Amino acid sequence: MMLHHLQTRGGLTLRDLTGCSWSGPVHEDVTEIHRLTRVLAADRRGAPARAARRLTADRVPGRVLDIGAGLAPWSLAIAAASRDVHVLAVDLPEQLAALTEAVAAADVSAQFKTMAADVFTSDLRTAAGYDLVIVANVCHLFPASRTRSLLIRAADVLAPGGVLAVIDQVLDDPPDWLQWAVLYAVGLPQVMPGGYLHTVDEYVTWMADAGLVAGLAIPLSAPPGLSLVSARRES
Amino acid sequence: MTESGQDDRVPDDRAASALSDAVKSAILDRLLDDLRADRALAPPRSVYTKSDSGLYGKYEKAEGINEDVLRLIRAVLEDLAGGIEPELPPDRRADP
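Residue numbers (my numbering), protein chains in the order written: chain L, 1 to 235; chain X, 1 to 96.
So that you can see chain X by itself, here it is in the shape it has in the complex (with noise of 0.2 Å):
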């Protein structure tokens, strides 16, 4: 943070950490699934909020469109499909 209290990361790193915030949030809900259904410790979704239940800290689901992570995100995958190797023809197929 910068003295005036604006945030200074470049938007890259910003929207990694939000997104890094939102996995984090949808695995612990896993994790709380995979604990009602196995142990029943935890209750029903439906009387439980993420806000009061102690596990999730701060997350707040952002209002709209967070543009940065989305770019973020084509350009992560845009990478990942840019590394798929061309499938050869058919008829080189049984080639040795």
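Bound-form chain L, shown alone (with noise of 0.2 Å):
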């Protein structure tokens, strides 16, 4: 419980610790702390171009299935490495009104196609299946057994030698805990969504459990950040 406490949400303020006032003198390090956590937490932002350049290395994926896709940022950003990639992006029928603003405002409409569906019970299966299957910011409102199954549930539409793509922060454990009670501290986990974090290993072997082949398990930006977690459906 501690450890996930530490690892979202909350924290600290410069504040807190300090007893400091802005509209005072400032000591040296708090401005230097307070500009530093600007850096960190503006490293995100370069978090989705990141991930299509790592999802689009070996091969332009053609056909592509963002679950939960929201603004679409991660689908948007693949989708800008070629005109050849064409995006069914899902998502609850309340945000499908800004997706769809998201995807005009991009201005690769003709890329995209959105609808409305409730993964865990509508059918997205295809003939041909998906190249890629994107699952970013979505696993940790779920706990272990149902993110489980929604991997189970997304490995099941790829194509053979398709990418199921998991994009998250996941729970470090064990954390090196100076670094996680430093960004504690200074309030950087508001950057971070609540909800349910999980392990890199917890995500390889649910995506094992689902036929698939471990691939990728990086970074996508500095702590505390976003991962990506990829598998590989057999050719």
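Keep in mind the hints are simulated off the structure, nothing from the lab.
Heads up, simulated DMTMM-like pairs for lysine to aspartate or glutamate below, C-alpha to C-alpha not over 25 Å straight-line:
id, chain 1, residue 1, chain 2, residue 2
1, X, 24, L, 172
2, L, 113, L, 156
3, X, 24, X, 67
4, X, 24, L, 29
5, L, 113, L, 94
6, L, 113, L, 84
7, X, 24, L, 173
8, X, 24, L, 176
9, X, 24, X, 68
10, L, 113, L, 123
11, X, 24, X, 12
12, X, 24, X, 78
Some, not all, of what chain L presents toward chain X, calculated at C-beta under 7 Å:
id, residue
13, 5
14, 29
15, 178
16, 184
17, 185
Values in this document were obtained by computation on a predicted structure and should not be read as measured data.
Cβ atoms here follow ideal geometry from the backbone N, Cα and C, with glycine treated the same way.
Dock the two chains into a complex; use the hints.
Take a look at the structure:
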């Protein structure tokens, strides 16, 4: 429990730690700490482009399914790699208007279709299957058993040789306690999602349960960061 | 502790310990908040204090700036920021 709380949301503030009022003279270290927290938080903004580079390095995926797309930052970055990328972005009905707007704003509507669906109940299978299925910033919403079943459903719609990519914050266990204490102390976990965190090993196990072969497990941004865990369906 | 009663740990160890205590207290705050929200087992924040909650042990908010803690935080953040990969220029992003 302590480990989970340390790595999600919350945190102290510099004022809590120092009693320092921002309106008064500020200690030099506080100024620098404040700058560094902004640098680390900003590094997350480059994560979609980094993920896209990794996921298109071997081949450009022609058919992409983005599960729980939100505003589709991850599949938009992949679509930007090539006009041959075609994405089906799926989310709950109440999210669809914002999703459609985000796709239009990125000027890639010709490459995108959107669909309102609950991935736990809807049948997303197609005859050809998908070259890439993205499950980004979704798994932390669900406990382990539900996440495992989500990944099995996602793996089920892959074409032979297709890749399942999970992007989320992973539970760092065992953690670097000093590093996490510092991140927590300056409130950086506030940029992270709450909910459930799972370890890389758990994701790898669930992907193997879904019949996939392990691929990448890499950080996409500086701590407290997002990670990419991927696996491939055998050809 | 030395025989004279002085803390003989190096400043970094003392800073890490002070930081760890502060973080644990903050996490306990959150756990108590969760308990209150979910089950209303604990009294509202306005009627208890950290020192009498029985969950915190001895926790006293430091007066003023603990410069060792600040230096430690800055060093760790510098380390993390130093590991950030420089972004590729936009014209190389589409490269395979």
